[in-house]
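Heads up, the sequence shown is in the working numbering, so the first residue is 3 and it goes up one at a time.
The set of hints was computed from the structure by calculation and includes no laboratory data.
Any given hint might turn out to be false.
[Claimed, not checked] Label pairs and their calculated CB-CB ranges: (1) Leu180 - Val70: 39 to 45 Å; (2) Gly42 - Gly64: 38 to 44 Å; (3) Pro181 - Pro105: 25 to 31 Å.
In this text, all values refer to a predicted model and were calculated from it rather than measured experimentally.
A virtual CB, placed ideally from N, CA and C, is assigned to each residue, including glycine.
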Amino acid sequence: MTHDVPPPPGSPAPPPHAGGPSGGSFDPASVNRLDWAILGIGFIVLIFSFFDYYSWDFGAYGVHLGSVSWSAWHFDHGLFIAWFAMVLTVLGAGALAASLFAPQIQLPTPARALTFLGFGIGFVLYVIAIFAHSDFGPAGGHGFSFWVSLILAGVGAVIALLRAQQTGTELPGPLGNLPRIGQ
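Take the sequences, apply the hints, and build the full model.
Next up, the structure:
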C-alpha cells in the first residue's frame, strides 16, 4: 500500500514591505539644497564635538608648562551644557533625515518643527555656555570647535526656520508667529 505524499506548498508570500524594493528608488536630486545643508551642518557639528571645545594653557613667568583640552563629550565642571547643545543640534538634523529618508517613521511633531527646535535650542544653549563657563581665566577658554559649532547651530536654526516656513510647517506656540524669512 502506497500513500501519495502531497507536494510541499510553495513558499509563503512575504509580508508586505519585508526587505523587498519599496516601489521606488531614492533620488538625491529630489531633496532641497537647504535640506542637504541642514543635514551637513548636523554632521559637521557631530564631527567637531570630538575636538577641542575648551582648552587651558598652563604656564608661569613666560614658561609654557602644558595644556589641557576637553571635547563636547566631557561632562566635568558643568561642561554638559555644550554637550546638550550639540546633542539637540544633531537630533534636529536626525529628525529631518528620518523624514526625508524614512518617511514611514511617524514622529510626534512635524519633522521640520523638530529640526528648527533642535537647532534653535542648541544655539541658545551654546550662547548660555559662553557665560556659564566664563571663569576659565586668562589662560583658558572656549576652543575652536565650540565657536564653529555655535555658528553652525545658529545658521542651521535660520535655515531650518526658512524651510519650515517654505513647506508650510506649523510651528508650536508663539513660534508660529515668527516673521517669514526668505521666499
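Results for each hint:
no.	hint	result
1	Leu180 - Val70: 39 to 45 Å	holds, 41 Å
2	Gly42 - Gly64: 38 to 44 Å	holds, 43 Å
3	Pro181 - Pro105: 25 to 31 Å	holds, 30 Å
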